[in-house]
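Asks: For reference, the chains in residue letters:
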Amino acid sequence: MKMRIYLAIILSCLLVSGCGTKVTRIETNETVDLSGAWNDTDSRLVAEEMIADALSHPWTSNFAGQAGRAPAVIVGTVRNFSHEHINIKTFVADMERALVNSGRVVFVASSEERGEIRQERVDQDLNASEATRNAAGQETGADFMLQGQINTIVDAEGDEQVRYYQVDLTLISLADNRKVWIGQKKIKKFVENAKVRY
Amino acid sequence: MLLLKKTLLTVLLPVLLQACAVQQQQLNDLAERLDYASPESTLLALQATIPSQRDRGQYLLNTGLLKSITGDFEGAVRDLQSAKDILNSLQAISVSENLAAATVNETLRSYDGSPSERVLLHVLLSIDYLMLNDLDAARVEVLQAQVVMNELATADRPVGQLASAHYVAGLVYELGGELDDARISYRKALNLMALRDMTPPLSLQRSLQSINWRLGMDEGSHRYREQFFLPVGPPDPDMAEIVVIYWDGVVTSKRGTSTSVWAPQLNQIVSLALPYYPPSNYVEKPLYLSIAGGQHRTETIEDIETLAREDLGDESAAIMAMTLARMVSKYQLVDSVKDQNPGLGMVANFFTLLTEAADTRSWNMLPSTIQIARFSLPAGEHPLPYPLGAESQQAELTESKLTESKLTVGAGEKVVLFVPGVSKRIFSYTQASP
Chain R
1 MKMRIYLAII LSCLLVSGCG TKVTRIETNE TVDLSGAWND TDSRLVAEEM
51 IADALSHPWT SNFAGQAGRA PAVIVGTVRN FSHEHINIKT FVADMERALV
101 NSGRVVFVAS SEERGEIRQE RVDQDLNASE ATRNAAGQET GADFMLQGQI
151 NTIVDAEGDE QVRYYQVDLT LISLADNRKV WIGQKKIKKF VENAKVRY
Chain B
199 MLLLKKTLLT VLLPVLLQAC AVQQQQLNDL AERLDYASPE STLLALQATI
249 PSQRDRGQYL LNTGLLKSIT GDFEGAVRDL QSAKDILNSL QAISVSENLA
299 AATVNETLRS YDGSPSERVL LHVLLSIDYL MLNDLDAARV EVLQAQVVMN
349 ELATADRPVG QLASAHYVAG LVYELGGELD DARISYRKAL NLMALRDMTP
399 PLSLQRSLQS INWRLGMDEG SHRYREQFFL PVGPPDPDMA EIVVIYWDGV
449 VTSKRGTSTS VWAPQLNQIV SLALPYYPPS NYVEKPLYLS IAGGQHRTET
499 IEDIETLARE DLGDESAAIM AMTLARMVSK YQLVDSVKDQ NPGLGMVANF
549 FTLLTEAADT RSWNMLPSTI QIARFSLPAG EHPLPYPLGA ESQQAELTES
599 KLTESKLTVG AGEKVVLFVP GVSKRIFSYT QASP
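In the order they appear, the protein sequences are chains R and B. Residue numbering for the first sequence is 1 to 198, as defined by the numbering used here. Residue numbering for the second sequence is 199 to 632, as defined by the numbering used here.
Hints listed in this document are in silico derivations from the structure and should not be mistaken for laboratory results. No experiment lies behind these values; they were computed from the predicted model shown. Incorrect hints may appear among the rest.
Only pairs whose alpha carbons sit at most 30 Å apart, straight line, appear in this in silico DSSO-like list of lysine-lysine [claimed, not checked]:
| id | chain 1 | residue 1 | chain 2 | residue 2 |
| --- | --- | --- | --- | --- |
| 1 | B | K483 | B | K612 |
| 2 | R | K89 | R | K186 |
| 3 | R | K185 | R | K89 |
| 4 | B | K483 | B | K604 |
| 5 | R | K188 | B | K604 |
| 6 | B | K386 | B | K612 |
| 7 | B | K386 | R | K189 |
| 8 | R | K89 | B | K612 |
| 9 | R | K179 | R | K89 |
| 10 | R | K89 | R | K22 |
| 11 | B | K452 | R | K195 |
| 12 | B | K622 | B | K483 |
Pulled out of the complex, with its shape left as it was, chain B reads as follows:
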């Protein structure tokens, strides 16, 4: 009876774990197809899968994102809030999951998101709430993002510190008339980009200068004017201000690499598997918008390809330590079985090889970059043609895919356009009249 149980376990466990690996591979394939398949079909395909309880956070992040970019903002908020609850509940160290990671593999941990993903979750929720015309709820997410960033902050590295989160915070504060807080957030975004050696977008500089001017901080305006060579003046009361948040591409999915070698001294095959990011094939494609005779171009404020690799790099020491611990525990397991029965020892060795798998889970439907633009438009109705840039996509665009083909703006209004590149749609929020 005991032998039967052992045999069943030996056969079933690797099969179960391989099923998980296959499901993750399917998810990675779906994410990679997102750049050219419709997000609606990707969402349906994703919803047809049944994620394990420990992968539920990752599943909800992806369904929430897909709902956001297809305009189902209420559904997106539901999924992303559930994902947030799950991720928050998993921040405590799990005894059973650590034991499983040390004896079987890392995929037996519940998915709790990388530092950047935890912040980006709030960024996306802020955008979703804005598109639902709920500025107060967007502000809640902005504050929660700041709490998470404060928790993640370290003295030596900008782990989980996102310029895009500060930019969206500045925007939400600005839309709510909280100019002091907006100024602080825009400056934090600027400082973070400098820390990461990124060129700050003109829109960010314009936002900061505009706030300085409105706060009457001429000294600050003067300094930024000299630093960024931008003309500065009071906002034209007859013009509307347009802020574009553009998501370009789909972030690279993690891959796993595994090595199995015969160790003669140990008289066993030892195996280890580690996650890695392959080199990115992403080529930055700005969005060009031609409105009211002006050409406007987005610029990158967040490079998620880089953030994903930074997060994995920060985790690598812990992953390596756990992999070594697992190698030792598996060796001891095989060794003890072999002492009792050499034949069963071989089976046990085979079992340890089959169960070794890298944790390749990530929020893999995020964009490769977050880009922004800010410009003024005269009050009135303007045709809003979808992207003039991204030449390769131009041919695929059809009028029927646009949620808004015309943009109507009033004098002094602020309008936020959310443009997820993969869904080829434009969503908007217009600031309520003061």
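Chain R on its own, in the form it takes in the complex:
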């Protein structure tokens, strides 16, 4: 009897193997926290908060009143000073989309993006017909630059962690360096890691 128990223990220990992969489709706005790290929900919350905040302030109407057109914004550097490898482009893209769709802001290509555009324009100069060619020197200059950073504070003790994220975005006027809008979103999480696993 004892031997059977021992053999059962040994066998069960040896035959531990993963089950097959199971995939379940879920809504994109459903919150699923697996590791406690920055995830799509955090990115979405930041984008939503920042968009609502950016559109609720008068910098767009002030500019439109003075210049007679919607302000052109360029995305500058958004630096990741956090403890995690965060894809900043997701919430910046969300913000771009919402602000452009609001009709109150125009975005121009960032320094990373415009290289390819300019290359294409040079190619058009050589290869496109006169009627469809886009000339150089007609780009829209940006009026404001969006800059920002993500910072975190992690306090860990044993299996428990408190993770605090702070996202700061700033819109700076390229004409005179004035900061016309400052957005901030804070997220705090308490993460308890498992002490025991199977």
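Put chain B on the given structure of chain R with help from the hints.
Replies: Just chain B now, with coordinates in the frame of chain R:
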């Protein structure tokens, strides 16, 4: 039918476990050959093996390291990030693996890395990201290393506290213009080396003094100037600063020792196997770089040979307790089988002997030491001959193996050179212009 199953189990289990031991021995052989075989061929040989799921963390650490030293930094980041995820997921205590360790042997645990290895993983990732010109990602790894070191910290021993991790952190902060944080990290590196009775490299002292000067902390500069007898002054705006991170040697692999004795009182052969580190044959070989008429020499900031032994020493009480528990459980198994069938009891005793094996897994392709140097160079183009030191290696070096034969530096620039000794290559990162 039951007898057939038992017999199959009795035969197959030791065979499977011996296969694992053979694979570990092959890995140790590959690591030992790394000092004179090419890392590319070692990587191919390693990739030809199929690690078990529980050894996957160790496998990825080694493939990631080999990719780093051969310049495939993107591949290295992929492997090391996967290894990190695996190691992090294994920090919780496993019920099944503890049971297996208490009844069969320790190699049935998933490989979760030693404290120093967990920190060195972040150090290597920081270097990889720097070489990929991604300072922000390198900074992420620096912060993660600090979280791991805080988790591992104990009041009485510097378990998992690495001077090299603090030095790389200081360097990353300095490159990002965060001088306050850089100063704190350099001081932590200095304090840790003092705690371990190691002589701090001149480069570390220079880094700290330079930061103090730039922060206008004359009092601190004065104190360090007196302590280290170094001249101090403002950085020359016409010069570039070069920081060298040199990896020397290959750390010793763990070995296993096993003892089997006939215990007359128990009427059985009892066996125990324990891991150990053999005495190190490593002889420190600094890197000498002769550039622009100056001779520059690296000095050790981290002795991984010592760290590996410290980590095993810290674990030894737990390993011994588990070994004794296993001895008792195996004795009881054999005893119960013997009560039913003395012949089968002998087979069971043989089975327990064959399954007893020490856990000799480690990140065994790490360097023996991490060394650093810091010096200034006039702006311009400088030939960058690979190592003038390490005389034994000199003959093997060929121009074609260099990834960079010339170093171009601008006034006021900071350049980090990563020189893994075993791959005989030099990789560089140049600080983006402010």
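Asks: Hint by hint, say whether it matches the structure.
Replies: Against the structure, the hints come out as follows:
| no. | hint | verdict |
| --- | --- | --- |
| 1 | K483/B <-> K612/B | holds, 25 Å |
| 2 | K89/R <-> K186/R | holds, 18 Å |
| 3 | K185/R <-> K89/R | holds, 16 Å |
| 4 | K483/B <-> K604/B | holds, 24 Å |
| 5 | K188/R <-> K604/B | violated, 48 Å |
| 6 | K386/B <-> K612/B | holds, 22 Å |
| 7 | K386/B <-> K189/R | holds, 29 Å |
| 8 | K89/R <-> K612/B | holds, 29 Å |
| 9 | K179/R <-> K89/R | holds, 22 Å |
| 10 | K89/R <-> K22/R | holds, 29 Å |
| 11 | K452/B <-> K195/R | holds, 28 Å |
| 12 | K622/B <-> K483/B | holds, 14 Å |
Hint check: a violation occurs at hint 5 only; the rest are consistent with the structure.
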